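Residues per chain are reported as follows:
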Amino acid sequence: MFNIVFLLRWTTKADIISTVEFNHTGELLATGDKGGRVVIFQQEIENKSLPQFRSEYNVYSTFQSHEPEFDYLKSLEIEEKINKIRWLPQKNAAQFLLSTNDKTIKLWKISERDKRPDGYNLKEDDGRCKDPNSITSLRVPVLIPMDLMVEASPRRVFANAHTYHINSVSVNSDHETYLSADDLRINLWHLEITDRSFNIVDIKPANMEELTEVITAAEFHPHQCNTFVYSSSKGIIRLCDMRESALCDRHTKLFEEPEDPSNRSFFSEIISSISDVKFSHSGRYMMTRDYLSVKIWDLNMENRPVETYQVHEYLRSKLCSLYENDCIFDKFECCWNGNDSVVMTGSYNNFFRMFDRSQRRDVMLEASRENSKPMQVLKPRKVCAGGKRKKDEISVDSLDFNKKILHTAWHPQDNIIAVATTNNLYIFQDKIN
Amino acid sequence: MIGCAFDAQNLISISLRKIQSSRTQRGGIKLHKNLLVTYVLRNARQFYLNKNASQAQRSPPYEDEVAVREKQDYLELTGSFTELADDFYCNFTGAEADSWHCGAHQPHGQLTEMPHQDASSCALVSPNDSDLMLSEACWSCADKSWELPVPNTQANQKTVLDLDTHVVTTVTNGYFHSDCCAQPKQPQGAQCHRKRKMDTSYFIVDPEFYLPDFVPVPFKRMRSDDDSHSDSEQLDNTNISNLISVLGSGGLSEFVSWQQTDLEQIFGTQTICLKHTLFTGSGWTRAIEAF
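In the order they appear, the protein sequences are chains L and V. Last residue of the first sequence? That's 433 in my numbering, and every number before it is there in order. Last residue of the second sequence? That's 1291 in my numbering, and every number before it is there in order.
Warning: the hint list may mix true and false statements.
What the hints assert, rightly or not - Some, not all, of what chain L presents toward chain V, calculated at C-beta under 10 Å:
#: 1; residue: 56
#: 2; residue: 59
#: 3; residue: 63
#: 4; residue: 67
#: 5; residue: 71
#: 6; residue: 106
#: 7; residue: 107
#: 8; residue: 118
#: 9; residue: 184
#: 10; residue: 239
#: 11; residue: 241
#: 12; residue: 244
#: 13; residue: 257
#: 14; residue: 323
#: 15; residue: 331
Hints were generated in silico from the structure; no laboratory data involved. On a predicted model such as this, the values are computed, not experimentally measured, just so you know. Backbone N, C-alpha and C define an ideal beta-carbon position, used for all residues, glycine too.
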């Protein structure tokens, strides 16, 4: 899957994209931004039956999910930035998604309205009430077509359950519960119940002096409703089974790769911190992203990953500068393609990488305006770590660390990818010959 | 190695700035990021201590004492600090298992230093922290007295600014949250098995205390009644001060002189006067002690 063509680019007017997520069919693509807004794009397929088809994603709905809040007790502002969006499986005509900022999770219903009632007996067309005495005959109101209107309404608000900053939300395969994770705790919710949640993981030490690691990401298993994983800042992934105990402080499995002592540096702890964890669609593997690499783990083997891909090893010698400019704290996400054969993650200079697991190939591509001609095939990019720079290679020192791709998403069925730069959403698809 | 040493100092300075700036950033302090920054601080500190330890072995001991006394710096800091420290602490290995434990990976084995040009590639495997602490331990475990070279104060007394109430109080007998030891004494029974004393005058506000609206029913884990009672008692009956666990003793005085300017610039625009006393000896102090 390495003939990627540019499809389209959407630009947010003022804000930074903070999350990207396809729904379960891939028809809808949701983005959240730093301003608390959610923008949903809908796929409009032109002639999908033809060998060469081109998908368009157009704006479907926009709404303000979260507003800035103020915690008066702690004198802290709560950012409205959307940290995560997760779609619920579709059960009826409406779509549902969970969006979360640092403290509050909300369930939104997105529904279409393309008909309106007409012919009320007691109301005028403009809504004014009629005098009942003036009615001489009755008629049955009918539904008449109208311009499509997409409404987003908040159906549930799950608040006041997290002391620390929420980093993950994951819907369970039972379609009834979901988990939310902050730095030190994971809570289990029922989608219908907002005033209570179950705490299933708590790694806060009795004495905060003994704090050594925090939770960085958590996700439910795609098929086993009793299983979930959470990653930590120490590079450890813990798999928990909720059937074993009500409180999952003791893990069922612990996945950790021993540190290579030859790579030890001042920043070893930072670069080993896991920023994202994702189960494969099959449920057999999981993928983790730390600062420099992507690792694929077999759930049946805990002592080391089965595959490791270096995303930008050339940055290892630049860690001091990256620490100074805070880039070393960037949290890159990763994603699987539909059949788990390819994984993708972002990097700097608006580069993103794809690793084909089956063919052992990888490619680095760039999301940029220069490559944004319709159906233009993206050219592979290469970074020169040192020595003589070849033609078309870019030097490490020339990389723009302000241009970073932290969020990517892959269509669940087709080879369509969404890549978010700072304030641009790029959609690419596989060129079909 | 000179490059590495300078980078360690630089890293400490940068890290302090990050911690300071995190206190005023929007959305509150990021626990994860600050925890990682403290790891960098720890690594840089370890490197610097190891370097000084190797240098100290080559110079007569009395010169160190004099140099230490001369280099005690009283750093005039001005600032007003927002609420902190319910968010994070980083703990560092003490001499014994029941003292503080360093949460970071503990490298094992002998000290080896790889010559590298810059800190980022500095592969330093340091000895176990406890060994280091033992060699530099200066805890006066026997008499519980803390001889603090604080000028203009009586022995065993310390004046502290409560950051919550802005009340200045004098604490006697040195029951500090920190293990600050002033004098670089020879270890007296360095195998000090005593657990670090918790100064009940200083208690970090647990943010969970401020969750009145959320009824945790039914929690799968219930907070014990003892916990909640002790929390509320502490908060009700004691002065609550928010302490910054940043840095303290342990070989930092050597570069306080060059760092003083940096820190003054960091805190220069703020308004509350704090006095930052750095001691030699082992371990990190837990607080910036106000004077």
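Verification of the supplied hints:
1. 56: 36 Å, violated
2. 59: 28 Å, violated
3. 63: 22 Å, violated
4. 67: Since chain V brings no Cβ nearer than about 14 Å to residue 67 of chain L, farther than 10 Å, the hint is violated.
5. 71: 8 Å, holds
6. 106: 16 Å, violated
7. 107: Residue 107 of chain L check fails; min Cβ-Cβ to chain V is 18 Å, beyond 10 Å.
8. 118: 45 Å, violated
9. 184: 8 Å, holds
10. 239: 18 Å, violated
11. 241: 14 Å, violated
12. 244: 12 Å, violated
13. 257: Given a least distance of 12 Å, the restraint on residue 257 of chain L is violated.
14. 323: With a minimum Cβ separation of about 7 Å from chain V (threshold 10 Å), the hint on residue 323 of chain L holds.
15. 331: With a minimum Cβ separation of about 9 Å from chain V (threshold 10 Å), the hint on residue 331 of chain L holds.
Comparing the model with each earlier hint shows violations of hints 1, 2, 3, 4, 6, 7, 8, 10, 11, 12, 13; every other hint is respected.
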